[in-house]
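Participant: Knowing the structure of chain X, use the given hints to seat chain V on it.
The listed protein sequences derive, respectively, from chains X and V.
When you line the first sequence up against my numbering, it's residues 1 to 285, in that order.
When you line the second sequence up against my numbering, it's residues 1 to 327, in that order.
Wrong hints could be hidden among the right ones.
What the hints assert, rightly or not - Covered stretches of chain V (in silico footprint by chain X; criterion: 3 or more residues with CB under 8 Å from a CB of chain X, positions within the stretch not fixed):
id	stretch
1	60-68
2	85-97
3	105-114
4	121-131
5	179-191
6	203-213
7	254-264
Unchecked claim - Pair by pair, the computed Cβ-Cβ distance ranges are:
id	chain 1	residue 1	chain 2	residue 2	range
8	X	A262	V	N184	31 to 37 Å
9	X	P176	V	P272	55 to 61 Å
10	V	D180	X	R61	29 to 35 Å
11	V	V110	X	L30	20 to 26 Å
12	X	L143	V	D180	41 to 47 Å
Unchecked claim - Facing chain X, according to a computed beta carbon distance under 10 Å, are these residues of chain V, among others:
id	residue
13	I45
14	G80
15	Q157
16	L170
17	L315
In case anyone wonders, no lab produced these hints; they're calculated from the structure.
Glycine included, each C-beta is placed from N, C-alpha and C at the ideal position.
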Amino acid sequence: MSSPLTGTTGSKVRGVVGRAFLWLWLVIGLIPILFMLLTSIKPAGIANSIPPVWLFTPTVRNYASVLSGGSGHSEGFGQLLFNSAVVSLGATVLAIVLAVPAAYALSMRAFRARKRVSGWILSTYMFPPIVAVIPIFVFVGQLGLMDTYAALIVPYAAFNLPIVIWILRSSILQLPFEIQEAAMVDGASSWNVLRRIILPLLVPAIATAAVLTIVLSWNEFLFALSLTRSDAKTAPVGLQEFTGMYGTDWGNITAAATMIVAPILVLMVVLRRQMVAGLSFGAVK
Amino acid sequence: METTATPSRSVRKVGGVGSARRQHSGAGPVSGRRRRDGARVVPWIYLAPAMIVLLALTVAPAVFIFYSAFRNDNILGGVGRFVGFDNFVQAVTDSSNQHSFLVTIGFVVVVVILEMVLGFALALPLAAQTPANRVGAALMLLPFAVTPAVAAMIFKQLLNPNYGWVGYYLGELGIAKGADLLGNPTTAWMMLVILDVWQWTPFITLILMAGLQAQPIEPREAALVDGATPWQMFRHITLPAMAPFIAIAAVLRTIQAFKTFDPFKILTGGGPGESTEIINLGIFRVGLQSFNIGLACAMGVLFLIVLSLFVPVMLRLIGRRADPEEM
Numbered sequence: 001m002s003s004p005l006t007g008t009t010g011s012k013v014r015g016v017v018g019r020a021f022l023w024l025w026l027v028i029g030l031i032p033i034l035f036m037l038l039t040s041i042k043p044a045g046i047a048n049s050i051p052p053v054w055l056f057t058p059t060v061r062n063y064a065s066v067l068s069g070g071s072g073h074s075e076g077f078g079q080l081l082f083n084s085a086v087v088s089l090g091a092t093v094l095a096i097v098l099a100v101p102a103a104y105a106l107s108m109r110a111f112r113a114r115k116r117v118s119g120w121i122l123s124t125y126m127f128p129p130i131v132a133v134i135p136i137f138v139f140v141g142q143l144g145l146m147d148t149y150a151a152l153i154v155p156y157a158a159f160n161l162p163i164v165i166w167i168l169r170s171s172i173l174q175l176p177f178e179i180q181e182a183a184m185v186d187g188a189s190s191w192n193v194l195r196r197i198i199l200p201l202l203v204p205a206i207a208t209a210a211v212l213t214i215v216l217s218w219n220e221f222l223f224a225l226s227l228t229r230s231d232a233k234t235a236p237v238g239l240q241e242f243t244g245m246y247g248t249d250w251g252n253i254t255a256a257a258t259m260i261v262a263p264i265l266v267l268m269v270v271l272r273r274q275m276v277a278g279l280s281f282g283a284v285k
Numbered sequence: 001m002e003t004t005a006t007p008s009r010s011v012r013k014v015g016g017v018g019s020a021r022r023q024h025s026g027a028g029p030v031s032g033r034r035r036r037d038g039a040r041v042v043p044w045i046y047l048a049p050a051m052i053v054l055l056a057l058t059v060a061p062a063v064f065i066f067y068s069a070f071r072n073d074n075i076l077g078g079v080g081r082f083v084g085f086d087n088f089v090q091a092v093t094d095s096s097n098q099h100s101f102l103v104t105i106g107f108v109v110v111v112v113i114l115e116m117v118l119g120f121a122l123a124l125p126l127a128a129q130t131p132a133n134r135v136g137a138a139l140m141l142l143p144f145a146v147t148p149a150v151a152a153m154i155f156k157q158l159l160n161p162n163y164g165w166v167g168y169y170l171g172e173l174g175i176a177k178g179a180d181l182l183g184n185p186t187t188a189w190m191m192l193v194i195l196d197v198w199q200w201t202p203f204i205t206l207i208l209m210a211g212l213q214a215q216p217i218e219p220r221e222a223a224l225v226d227g228a229t230p231w232q233m234f235r236h237i238t239l240p241a242m243a244p245f246i247a248i249a250a251v252l253r254t255i256q257a258f259k260t261f262d263p264f265k266i267l268t269g270g271g272p273g274e275s276t277e278i279i280n281l282g283i284f285r286v287g288l289q290s291f292n293i294g295l296a297c298a299m300g301v302l303f304l305i306v307l308s309l310f311v312p313v314m315l316r317l318i319g320r321r322a323d324p325e326e327m
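Same shape as in the complex, but just chain X (with noise of 0.2 Å):
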């Protein structure tokens, strides 16, 4: 075995080091999750007990308590993930309607100010989300939409919107433009080409564009902090009111993370490579 990756003796000890280095990483980058999901399954009592306990009978009951609004709370946390999921799928729909016609004419060949509106576009990106907080807090208390969906949906899907429409413009720029032409020389109106052969051939990319949104969406804390009191209120917000004034339910705090963290981590994981292509604009194929 001599490939340019394993030849000498020194590369092979570098290979080994750096091997030990990453998984030793991965090691230790798990006990935080670990930690979680193992204290919320332990019975009560013993959540946070020093020193920690390994060996213990797994209980759903703090899942059981949480949902049900149990210790202290006022509503069950299931209707916190229910704000939460509508409103990530809500601004998922939104910025998808959005951007696909918008990506479709920043595809157009004969579209001459596309270079400078599709770099306007990504520039939104850089935009600080504190610093439109403030005015977003004062519109949306001037159009009376404080705690309510919309207060969250239509901001979370403006600032997907910049790598939504990177995604699918750079998908729409990989198909082979004569099957564009083909139609248009059949008489098609670019409507009928967007809706008949773009859309199909982009539902690819339309997913991993769609889950991106919904992952950035499910775990935004700034917007949800600021712009929703109890209607509306998402998942990571209502978590942090878990440390209360009447001390800390370790156990309830942890199931309510997993379970906010749960369909994310699967998510991810199962369309690893999409994500990070996605998140880095498709720099990363």
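Facilitator: Just chain V now, kept in the frame of chain X:
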């Protein structure tokens, strides 16, 4: 793609109204004045909905903060008045604001450098396509997949001085028994950096891993035949070939790091004292907790100006890669 691009490229070079005929003959199907005007208007119609939303959620807020930065409006206290540059003077001279700006930049520099170096070090062994590495890449992603607000909450529990695993096991090892690692500015900063590195290094690693896997093997084989040392091969072949991936990862990560809010809000809340109050927390406190909108907007304007310095770099790196023909 290259061949089909030729007609439109010639159109763009000619430009102006006179090019309509060229465009016509070049692009093929366009016929008559109606379609020609259509070709100019249609893209804007497709773009309009997305642009309206983006204008409403980024440009309108930007206009609002530029306007409000010169006034002393208070959400609770009714309508304020024009106060000139007072807010900017306060934003720049106030020592806690200066501290916020400085620690923000310090935090970004430290985590981006750490994550780039660690990310590269992890990507090198992970790039070899072995069965074990397929598992490794999935495990690598896990911290990155944890909701940031949840991750901060979990770290807060792990670091709890009375019940946390970290304090207990460090104590067992004879180090820092029962220490309140979040109660001291230096260790609080270390914990924030560790949390960020834990969560975001995987992002860098996976980008660089994809970059390494895309490298052709021939140049390295040739160099090996010519007797190059591993370091020479890394320095003169791998590193230059990886430059675009490194640049993109660094720019994206820098922009994201400047937006960091959740871990600071949840893990330290800016404390102890104001030692870890980065600009995002400062603006949040001044604007949405003290409702001093004018000052918060002035800080926002300054922050926006700093961040906009990165726009040209980002456009060049990402724009060129996504659409080499155009940018």
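Participant: It remains to establish, for every hint, whether it holds in the given structure.
Facilitator: Hint check:
A count of 6 residues in the stretch 60-68 of chain V with a Cβ less than 8 Å from any Cβ of chain X is obtained; the coverage claim is therefore met, three being the minimum. Only residues whose beta carbon comes within less than 8 Å of a beta carbon in chain X count, and the stretch 85-97 of chain V has 0; fewer than three means the coverage is violated. Counting residues of the stretch 105-114 of chain V whose CB lies closer than 8 Å to any CB of chain X gives 0, which falls below the minimum of 3, so the coverage claim is violated. With 6 residues having a Cβ less than 8 Å from any Cβ of chain X, the stretch 121-131 of chain V passes the three-residue criterion, so the hint holds.
Counting residues of the stretch 179-191 of chain V whose CB lies closer than 8 Å to any CB of chain X gives 0, which falls below the minimum of 3, so the coverage claim is violated. With 5 residues carrying a beta carbon less than 8 Å from a beta carbon of chain X, the stretch 203-213 of chain V meets the three-residue requirement, and the given coverage holds. With 5 residues bearing a CB less than 8 Å from a CB of chain X, the stretch 254-264 of chain V meets the requirement of three and the coverage assertion stands. Look at A262(X) against N184(V): about 34 Å separates their beta carbons, and that is inside 31 to 37 Å.
Distance hint for P176(X) and P272(V): a CB-CB separation of about 60 Å, consistent with the stated range 55 to 61 Å. A beta carbon spacing of about 31 Å between D180(V) and R61(X) agrees with the range 29 to 35 Å that was offered as a hint. V110(V) and L30(X) have their C-beta atoms about 24 Å apart, which keeps the hinted 20 to 26 Å range intact. A hinted range of 41 to 47 Å for the beta carbons of L143(X) and D180(V) is consistent with their spacing of about 44 Å.
Of the supplied interface hints, the one on I45(V) holds, with its beta-carbon coming within about 8 Å of a beta-carbon of chain X, less than 10 Å. The closest approach between the C-beta of G80(V) and any C-beta of chain X is roughly 13 Å, which is over the 10 Å cut-off, so the hint fails. Restraint check, Q157(V) versus chain X: the minimum CB separation of about 6 Å is within 10 Å; hint holds. With a cut of 10 Å, the hint placing L170(V) at the interface with chain X is violated, because the nearest CB-to-CB distance is about 12 Å.
Restraint check, L315(V) versus chain X: the minimum CB separation of about 5 Å is within 10 Å; hint holds.
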